[in-house]
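With the hints as constraints, model all of the structure from the sequences given.
Protein chains in written order, with numbering that gives the first Met the number 0: chain A, 0 to 148; chain B, 0 to 132.
Read the hints as simulated data drawn from the structure, not as lab findings. Warning: the hint list may mix true and false statements.
Listed below are several chain B residues computed to face chain A (Cβ distance under 10 Å; list not exhaustive) [claimed, not checked]: (1) Asp34; (2) Glu44; (3) Glu73; (4) Gly125.
Reference listing, derived: stretches of chain B covered by chain A, where coverage requires no fewer than 3 residues with Cβ under 8 Å from a Cβ of chain A [unchecked claim]: (5) 27-33; (6) 57-64; (7) 82-94.
Since the structure is predicted, the reported quantities are computational estimates derived from the model, not experimental observations. Glycine is no exception: its CB is placed at the ideal position from the N, C-alpha and C atoms.
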Amino acid sequence: MLKEQIGKQSDKVKNVVERGAVKKFAEAIGDLHPIFFDEDTGRLSRYKNNIAPPTFPRVFDYGAIEGLNLPNKGLIHGEQTFHYVRPLLVGEEVYCYSIVKKYFEKKGNFGQMGFLVLESFGEDSKGTTVFSSTSTIVISEAVRKVLNR
Amino acid sequence: MSTVAELQVGELLKEIQLKPVSRLDLIKYAGASGDFNPIHTIDDEAEKAGLPGIIAHGMWTMGNLAKLFTEYYEDGFIQDYSIRFKGMVFLTDVITLKATLKEKQEHKLRFNVQAVNQQGNDVLKGEVVFYYY
Numbered sequence: 000m001l002k003e004q005i006g007k008q009s010d011k012v013k014n015v016v017e018r019g020a021v022k023k024f025a026e027a028i029g030d031l032h033p034i035f036f037d038e039d040t041g042r043l044s045r046y047k048n049n050i051a052p053p054t055f056p057r058v059f060d061y062g063a064i065e066g067l068n069l070p071n072k073g074l075i076h077g078e079q080t081f082h083y084v085r086p087l088l089v090g091e092e093v094y095c096y097s098i099v100k101k102y103f104e105k106k107g108n109f110g111q112m113g114f115l116v117l118e119s120f121g122e123d124s125k126g127t128t129v130f131s132s133t134s135t136i137v138i139s140e141a142v143r144k145v146l147n148r
Numbered sequence: 000m001s002t003v004a005e006l007q008v009g010e011l012l013k014e015i016q017l018k019p020v021s022r023l024d025l026i027k028y029a030g031a032s033g034d035f036n037p038i039h040t041i042d043d044e045a046e047k048a049g050l051p052g053i054i055a056h057g058m059w060t061m062g063n064l065a066k067l068f069t070e071y072y073e074d075g076f077i078q079d080y081s082i083r084f085k086g087m088v089f090l091t092d093v094i095t096l097k098a099t100l101k102e103k104q105e106h107k108l109r110f111n112v113q114a115v116n117q118q119g120n121d122v123l124k125g126e127v128v129f130y131y132y
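Okay, here's the thing in structure tokens:
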């Protein structure tokens, strides 16, 4: 049952804001601004470095939450938030993990829908949070039946 | 270029209209993000999921929208970015990205943001809080 997963969290995983990955990501969202990949632009900026686009944390590995086995099909991404203390810098290490924040069910157009809210964090090497994000995943009754089996 | 802090409440950032969504756009985003859910790239899989065709990753559209703010990187950064995905984006859809200044506080500019398709329907909607130094 998904309700029993509330409060569970993954172990932190070390990620690197890789230069090549940032450029590829910026390309994929059509945001090829030099602040993301041109070293001179980065160095001369107030960040003294290249930065990553705000939705870049989609790329990170947050580790697996034990017991939370979501299918890779049939899920709907309902909502997404990001909160930043500062922009992510290209080259830095970020320690990422996720926690199951909420689960609730609501009657919708397609039966009893489940809403799973995952909160994720990225910390610098000193353990200070750089960003946090929440993803609300909508799970239909049909998919939930398979999960509960 | 004027600074973002000179904007008045009710004013819009310069809108961006994206080129019609192509399969290659979504293949590229799948590769760059690591989200290989096949409903975004493979017709058969989308149909099996009950969709009329492949749909864009919600995060592709959300990622695109953030570029309205990129040129202001010297003035500040996106502190909060919250989105609700309202509708699906299909191949050949033409998406327009918009941000309207809703509220001005010290160091904080609160924008309503939306991505609208060619029918005028919101495909995503939300808010950006831009922190300015």
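Verify the interface restraint on B/Gly125: the C-beta must sit less than 10 Å from at least one C-beta of chain A. holds (8 Å)
Just to be careful: measuring from the Cβ of B/Glu44 to every Cβ in chain A, is the smallest value less than 10 Å? Holds, about 8 Å.
Tell me if chain A covers the region 57-64 of chain B under the three-residue, 8 Å CB rule, please? Per the Cβ count (6), the hint holds.
Hint B/Glu73 vs chain A: min CB-CB distance below 10 Å? Holds - the Cβ of B/Glu73 comes within 10 Å of chain A, reaching about 6 Å at its closest.
Less than 10 Å between beta-carbons is the criterion; does B/Asp34 satisfy it with respect to chain A? holds (7 Å)
Within the region 82-94 of chain B, is the number of residues with a Cβ closer than 8 Å to a Cβ of chain A three or more? With 3 residues in contact (Cβ-Cβ under 8 Å with chain A), the coverage given for the region 82-94 of chain B holds.
Within the assertion that chain A covers the region 27-33 of chain B, do at least three residues meet a Cβ-to-Cβ distance smaller than 8 Å? The restraint on the region 27-33 of chain B holds, since 6 of its residues have a Cβ under 8 Å from chain A and three suffice.
Comparing the model with each numbered hint stated earlier shows that all of them hold.
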